Amino acid sequence: MQATFPPAASPAVSSIGASAPGRARWPLTVAIVLAVLALAWFVTVRQSVLFVIGLGMGGLLAGARFGFTTGWRRLIEARDASGVFAQIVLLAVAAGISIPLLASFPGDLAAALGPPSISLLIGAFVFGITMQIADGCGSGTLYKAGLGIPLNMGVLPLFALGSFLGSVHLHGWLSLGAVAPVSLVRDWGAGGALAATFAGLVACGLAAWVWSRKGGVAAPAPWNRKLLLAGIGLALLAVANLVVAGQPWGVVYGFGLWAAKVATAAGVFDPAANAFWGQAGNLRTLEQSVFLDVTSITNIGIMAGALWIAARRPSSGKPLTGRQWAAVLVAGFLLGYSSRLAFGCNVGAMVSGISTGSLHGWIWVALAFAGSLIGVRLRRRLGV
Amino acid sequence: MTSRASAIVLFWAVLIVFFAWDWTHSSPVNHRKEPAILAIGSGQAPSGGHCSAF
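Just so you know, the protein sequences line up as chains A and B, in that order.
Residue numbers are given in my numbering: position 339 of the first sequence equals residue 339, and the series is strictly consecutive.
Residue numbers are given in my numbering: position 13 of the second sequence equals residue 13, and the series is strictly consecutive.
Isolated chain A (complex conformation) (with noise of 0.2 angstroms):
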C-alpha cells in the first residue's frame, strides 16, 4: 500500500487537477462563497463570520506552509530557528491583543483555561512525540488534509476518534491529580500577565536562538519574512476569534464532537452517562448542528481555505510503504487521544492557553518540545 506525501522541505505539497494548476478556483471560490451566505441564511452570522476566519487561517497555513511540528523539528534537527521565532511572533501579538480584552471584558470572553494535572503531562508529552510521526498536529493535520495530503487525509479521521475516545475518558485520567486551572489574567491582572508572557516568551526566543546558534556550522536565518508575515496574520485571526466567538480558536473539540455524534448515533455511546458528554452544555451542543459549534465551523473554513491554495499548487510527494502508513495511523489516533488528556493542540493549548494567559498552556509547550525531541528520532528511524 503506497501513497505519496511531501517532504518535509517540500515547497509545493499538492493541486487537485495536477494538469492544469488554478483550474480548479473559480467554481471553488463560487462554492465557498455559496457556503458563507448559506451559513448567515441559515445557521447565524456569527458562525458565518467564524467560517471566514477559519478560511483565512487555513489559507495563511496553507499559503506559507507554516507548520508547528516542522518549525519544532527544523529547530531540533537542522538548528533552523526560524518557524519557532515566528511561533513566537504569533504568541505575543495574540497575547498582546487578548490579554487586555479578557481583562476589559471577562463576562463576555473567556480564555482557554485548562487545569495542570498528571493528564496534561502524560497528554502533552505523547502529543509532542506523535505530531512528529504524523507530520502535523491539530491545525497541520487540518490544512494538510485541505490541501490533499493523503496522510493528512488519512490521519483525520483517527485524530476525531481519538479525540471522542480521550474526552469520554478525560475524568478517569484527571482522578490521578489536577488542580485548579491558573489564569495570570485573574491572578495578576492584565499588566502582570503580559509582562509574565512576554517574559517567558523572550526566554523561548533566547533558547532558541542559541541552540541554532550552537552547531558550529553556519545556521539558517532566524527570521523568514514569509513565516513572520502568517504568525500575525494567525494572531489576528486569533483574536478575531476570540472577539467574535467569545472564546479562543480551538480545534480538537469539534474532531471529539464529530465523533461522538457518530457513536451516539450508532447507539455504541450514551453521552448522558459519560462525565465529560453528560454536561449541560456538551449535551447541547451534541443535539445541535455541528455548523453551530465554534471549533467545528473554524475547522471546516481551515480545511476550505487550504483547499483554496491546493487547488493552484503543483503537486510533489514521495512514497510512504505500509509499515509507515500503520506507524502514522496509530500516531494519529493518538495525537487525538492525546491531544483530550492535554487540554487542547499546539492550537487550544499553546497558542489559546498560552495568548490567554492560561498556565496550562506554558506546561503544554515543555512537554510537548521534550516528547518532540524524541518524535523526531522516532520519525526518522520509520522513514517518514
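Simulated from the structure, these hints should not be mistaken for laboratory data.
No experiment lies behind these values; they were computed from the predicted model shown.
Wrong hints could be hidden among the right ones.
What the hints assert, rightly or not - Facing chain B, according to a computed beta carbon distance under 8 angstroms, are these residues of chain A, among others:
1. Thr44
2. Val45
3. Phe105
4. Asp108
5. Leu109
6. Gly114
7. Gly148
8. Leu174
9. Val244
10. Gly246
11. Asn282
12. Thr295
13. Gly344
14. Gly348
15. Ala349
As the list claims (entries may be wrong) - Here are some, though not all, of the chain A residues that point toward chain B, as calculated from beta-carbon distances under 10 angstroms:
16. Val49
17. Ser117
18. Pro248
19. Lys261
20. Leu292
21. Leu307
Just so you know, even glycine gets a beta-carbon here, dropped at the ideal spot from N, CA and C.
Please build the complex by placing chain B on the supplied structure of chain A, with the hints as guidance.
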C-alpha cells in the same frame, strides 16, 4: 482525474455527506435565539465547547 484528485474528491464527499446527515438529524436552528455577531460587548457569556474544557 488523477488518483490524488480522486482521493480529495472522496474526502470532501464524505465530509459533505456527514454534514448533510448531521443537519437533518440535529435540532433545528432557533433563529430567535441567534447570538450577537460579536461576543465582545454583547453581555452574553460564551457557552461553546472548547479543547480546554473538562
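Hint-by-hint comparison with the structure:
1. Thr44: The hint holds - A:Thr44 has a Cβ within 8 angstroms of chain B, the shortest such distance being about 5 angstroms.
2. Val45: Interface hint status for A:Val45: holds (5 angstroms vs cutoff 8 angstroms).
3. Phe105: holds (5 angstroms)
4. Asp108: holds (5 angstroms)
5. Leu109: Hint on A:Leu109: holds, closest Cβ of chain B at ~6 angstroms, below 8 angstroms.
6. Gly114: Hint holds; A:Gly114 Cβ to chain B Cβ min 4 angstroms, cut 8 angstroms.
7. Gly148: With Cβ-Cβ at 4 angstroms, under 8 angstroms, it holds.
8. Leu174: Since chain B brings a Cβ to about 6 angstroms from A:Leu174, closer than 8 angstroms, the hint holds.
9. Val244: The hint holds - A:Val244 has a Cβ within 8 angstroms of chain B, the shortest such distance being about 6 angstroms.
10. Gly246: holds (3 angstroms)
11. Asn282: holds (6 angstroms)
12. Thr295: holds (7 angstroms)
13. Gly344: holds (4 angstroms)
14. Gly348: holds (3 angstroms)
15. Ala349: holds (7 angstroms)
16. Val49: Because about 6 angstroms separates A:Val49 from the closest Cβ in chain B, which is inside the 10 angstroms limit, the hint holds.
17. Ser117: Hint holds; A:Ser117 Cβ to chain B Cβ min 9 angstroms, cut 10 angstroms.
18. Pro248: holds (7 angstroms)
19. Lys261: Holds, about 6 angstroms.
20. Leu292: Interface hint status for A:Leu292: holds (7 angstroms vs cutoff 10 angstroms).
21. Leu307: Since chain B brings a Cβ to about 7 angstroms from A:Leu307, closer than 10 angstroms, the hint holds.
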